[in-house]
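Generate coordinates for the entire structure from the input sequences, incorporating the hints supplied.
Protein chains: 2
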Amino acid sequence: MPASRRAKSKPNAFYAQSGGVTSVINASAAGVIEACRKHRGRIGRLYAGRDGIVGALTEDLVDTSKESAAAIRALRHTPSGAFGSARYKLKDLEKDRAKYERLIEVFQAHDIRYFFYNGGNDSMDTAQKVAEMGAKLGYPVTCIGVPKTVDNDLPVTDCCPGFGSVAKYVAVSTREAGMDVASMARTSTKVFILEVMGRHAGWIAAAGGLASRRTGEAPHLILFPEIAFDREAFLARVKESVQRHGHCVVVASEGTRTAEGRFLADMGTRDAFGHVQLGGVAPTLATMIKEAHGYKYHWALADYLQRAARHIASRVDVEQAYAVGKAAVELALAGKNAVMPVIVRKSSKPYRWTVGSTAIARVANQEKMVPRHYITADGFGITAAARRYLEPLIAGEAYPPYRDGLPDYVRLRLARVRRKLKSEFVV
Amino acid sequence: MPASRRAKSKPNAFYAQSGGVTSVINASAAGVIEACRKHRGRIGRLYAGRDGIVGALTEDLVDTSKESAAAIRALRHTPSGAFGSARYKLKDLEKDRAKYERLIEVFQAHDIRYFFYNGGNDSMDTAQKVAEMGAKLGYPVTCIGVPKTVDNDLPVTDCCPGFGSVAKYVAVSTREAGMDVASMARTSTKVFILEVMGRHAGWIAAAGGLASRRTGEAPHLILFPEIAFDREAFLARVKESVQRHGHCVVVASEGTRTAEGRFLADMGTRDAFGHVQLGGVAPTLATMIKEAHGYKYHWALADYLQRAARHIASRVDVEQAYAVGKAAVELALAGKNAVMPVIVRKSSKPYRWTVGSTAIARVANQEKMVPRHYITADGFGITAAARRYLEPLIAGEAYPPYRDGLPDYVRLRLARVRRKLKSEFVV
Numbered sequence: 005m006p007a008s009r010r011a012k013s014k015p016n017a018f019y020a021q022s023g024g025v026t027s028v029i030n031a032s033a034a035g036v037i038e039a040c041r042k043h044r045g046r047i048g049r050l051y052a053g054r055d056g057i058v059g060a061l062t063e064d065l066v067d068t069s070k071e072s073a074a075a076i077r078a079l080r081h082t083p084s085g086a087f088g089s090a091r092y093k094l095k096d097l098e099k100d101r102a103k104y105e106r107l108i109e110v111f112q113a114h115d116i117r118y119f120f121y122n123g124g125n126d127s128m129d130t131a132q133k134v135a136e137m138g139a140k141l142g143y144p145v146t147c148i149g150v151p152k153t154v155d156n157d158l159p160v161t162d163c164c165p166g167f168g169s170v171a172k173y174v175a176v177s178t179r180e181a182g183m184d185v186a187s188m189a190r191t192s193t194k195v196f197i198l199e200v201m202g203r204h205a206g207w208i209a210a211a212g213g214l215a216s217r218r219t220g221e222a223p224h225l226i227l228f229p230e231i232a233f234d235r236e237a238f239l240a241r242v243k244e245s246v247q248r249h250g251h252c253v254v255v256a257s258e259g260t261r262t263a264e265g266r267f268l269a270d271m272g273t274r275d276a277f278g279h280v281q282l283g284g285v286a287p288t289l290a291t292m293i294k295e296a297h298g299y300k301y302h303w304a305l306a307d308y309l310q311r312a313a314r315h316i317a318s319r320v321d322v323e324q325a326y327a328v329g330k331a332a333v334e335l336a337l338a339g340k341n342a343v344m345p346v347i348v349r350k351s352s353k354p355y356r357w358t359v360g361s362t363a364i365a366r367v368a369n370q371e372k373m374v375p376r377h378y379i380t381a382d383g384f385g386i387t388a389a390a391r392r393y394l395e396p397l398i399a400g401e402a403y404p405p406y407r408d409g410l411p412d413y414v415r416l417r418l419a420r421v422r423r424k425l426k427s428e429f430v431v
Numbered sequence: 005m006p007a008s009r010r011a012k013s014k015p016n017a018f019y020a021q022s023g024g025v026t027s028v029i030n031a032s033a034a035g036v037i038e039a040c041r042k043h044r045g046r047i048g049r050l051y052a053g054r055d056g057i058v059g060a061l062t063e064d065l066v067d068t069s070k071e072s073a074a075a076i077r078a079l080r081h082t083p084s085g086a087f088g089s090a091r092y093k094l095k096d097l098e099k100d101r102a103k104y105e106r107l108i109e110v111f112q113a114h115d116i117r118y119f120f121y122n123g124g125n126d127s128m129d130t131a132q133k134v135a136e137m138g139a140k141l142g143y144p145v146t147c148i149g150v151p152k153t154v155d156n157d158l159p160v161t162d163c164c165p166g167f168g169s170v171a172k173y174v175a176v177s178t179r180e181a182g183m184d185v186a187s188m189a190r191t192s193t194k195v196f197i198l199e200v201m202g203r204h205a206g207w208i209a210a211a212g213g214l215a216s217r218r219t220g221e222a223p224h225l226i227l228f229p230e231i232a233f234d235r236e237a238f239l240a241r242v243k244e245s246v247q248r249h250g251h252c253v254v255v256a257s258e259g260t261r262t263a264e265g266r267f268l269a270d271m272g273t274r275d276a277f278g279h280v281q282l283g284g285v286a287p288t289l290a291t292m293i294k295e296a297h298g299y300k301y302h303w304a305l306a307d308y309l310q311r312a313a314r315h316i317a318s319r320v321d322v323e324q325a326y327a328v329g330k331a332a333v334e335l336a337l338a339g340k341n342a343v344m345p346v347i348v349r350k351s352s353k354p355y356r357w358t359v360g361s362t363a364i365a366r367v368a369n370q371e372k373m374v375p376r377h378y379i380t381a382d383g384f385g386i387t388a389a390a391r392r393y394l395e396p397l398i399a400g401e402a403y404p405p406y407r408d409g410l411p412d413y414v415r416l417r418l419a420r421v422r423r424k425l426k427s428e429f430v431v
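Protein chains in written order, with my numbering: chain Y, 5 to 431; chain A, 5 to 431.
Incorrect hints may appear among the rest.
Said to hold, decoys possible - Calculated cross-link-like contacts (lysine to aspartate or glutamate; reagent style EDC-like; alpha-carbon spacing at most 16 Å):
1) A/K294 / A/E236
2) A/K353 / Y/D100
3) Y/K353 / A/D408
The hints are simulated quantities; they were obtained by calculation from the structure and are not laboratory data.
Right, here's the structure in full:
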């Protein structure tokens, strides 16, 4: 595209969702889209990548301007990735040069000068590389990360949009299932295990601890990836709980592992980022308990249910997800590059927060674990400090509208942008 | 106790929860308790069995009159069994005579003349036997069943309290997880399987079908216990769905079985009623799909989460659960015996219902399966007739109050009634 034409029109922007979706990532999308609409004097069109960065590579772009204001508002209460997400990591510029060149080719063809990338640690690494690429390949693009991950393992930001809602889901579910097993324990189920997400960091498992506000309330034990699994200590504590309370509820992170680093249940497959896919900690523990103590058990694996559960989202989480989306656009227009909005906590009681920003490089590929002082000395519970941190994040409800008994989630039109390139790109 | 003393005071009543609990069984308890309070001119005290019928056998009774009106109101939004439930079946009068005699001994000691038993098929069998016992052993007790089961498999009644809420949970979760996998499918997960309860009857699995209102929406396949599992047909349909829609969502009943009657996943343990305990259909299917097609998968096992999920209960279900509790007391006071209130459907659109009654004998040990015309010809979906039946049952929300981000469920005082018998009874 000749420079003269670019000069005449306003530059366009690109937004993509990346990695595992959450129940509030679309609230961030709404924040980005509504902020771009508000600043239409400075940003032309906002294109979204169909299936994340894959949409950019294959020139499969969605014109967000074709969506009604009502549809964009409805994204705030709609889980999943409305434009599709992708588990697709770009390697170094040297190794994946063809892909970066393709990205620039597509950006150039559509006059895209802003790149909003909504994802977690791995995605921030990609965003950082796209920023560097722009400079190196002579097509500067303003790259802004938009934080998203249920795992809450991004550094710098106080918490991460997506986490508060899965935390609320897990805390509510633990309370409900805990009461269920308590009423069955006399003649039936004595042990209940809920396996939750959190490959490396135990934030989601920790959130299960919020369900218990009085002695004896579930969960009685939490298993964190940060604490080496000790079979004997665990079995002794299960027995103690059953003897004392009549039952035992365990919230176990999928990342629970031994001192040698062996995951309790390794499914043996790997995802696109090379991470081992987990699942099966709960049945492993259940069998262990059955063999040692003979207790009747039940277990649940929430899997996608926990991160998709917009019906029980945290209001704080929804608000923060929207706020970081909006802030991303404002940072871009303020001339920032290679940055990411973060949540800054001003106080815990009452909870007050604001949005700040950090260099993406400080976030990319880093993981924030649950600090040791958030975990009780015995390694099986959360401390008062953890509660102080976690509790505000699950505060408030933000129910979606319902129609005929089901949440009325929006489905976007997803109007395709006419392709300008003749070349194909196979992902 | 001498007859003269009984004649002076009003007879007392006994209420017990039985079998697996639900998110609305306490609403039935509230119905029974509030109706007894309303009729305190005719019913003295209402005692509840601690841990169901076990509480009667061991003379472990709770005096419900010690609970505040606010606490009883709060039962309407509190899941689990507030007094504890039991999986404990009484055999025939001949085989279990000592237990029946003990029941009468306890009832006599506390002047209990009304027996309200809140449970499913097996529990109605017990209620029927207690009614017969009273006549045979010379201590007549008015026995009224209060229907409860997530499985919806009780005959005569149009639907069963407990089912509507688990149906709503499964439909909502299927919609949410289905949207999640749809947004991941391009580069990651292509198949998602949700395993749901329903040992013999596929009502809960059928409810998952409500999530889909447009072609291509999840679930794409439903597996019912009523339809013999056909491996080849199933695998072909999974492939077709992935090719057509990019992904495939399966809702599978735990009771899915082959034409020979073999459960897909038999855990090999049995509960107190002699039923085989199931779990593991989802991983079995996932492995099957992976081996045949190589698709990346995720699966979830909701287990207790589905039946405890009061946070997403159906308003219709809560109302019906309360109504049958209240009706049970009214039937008893109208002089009925060995009956159970039932839900009578007057019309589906608009949904109108009322409470009728039936003889317990017509319900005990009977199971109502999903009729063939509710299942599509191919055996993998639900028909318009099924939708017409199911949709009203998940209508309306009935959110519990929240405190600090969590549902504010009530915990009763559970004041113990002073024991009158010297003899112990070991369950």
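Against the structure, the hints:
1. A/K294 / A/E236: Holds, because 14 Å separates the two Cα atoms, which is no more than 16 Å.
2. A/K353 / Y/D100: With Cα atoms ~59 Å apart, A/K353 and Y/D100 exceed 16 Å; violated.
3. Y/K353 / A/D408: holds (11 Å)
Consistency with the previously given hints fails for number 2 only.
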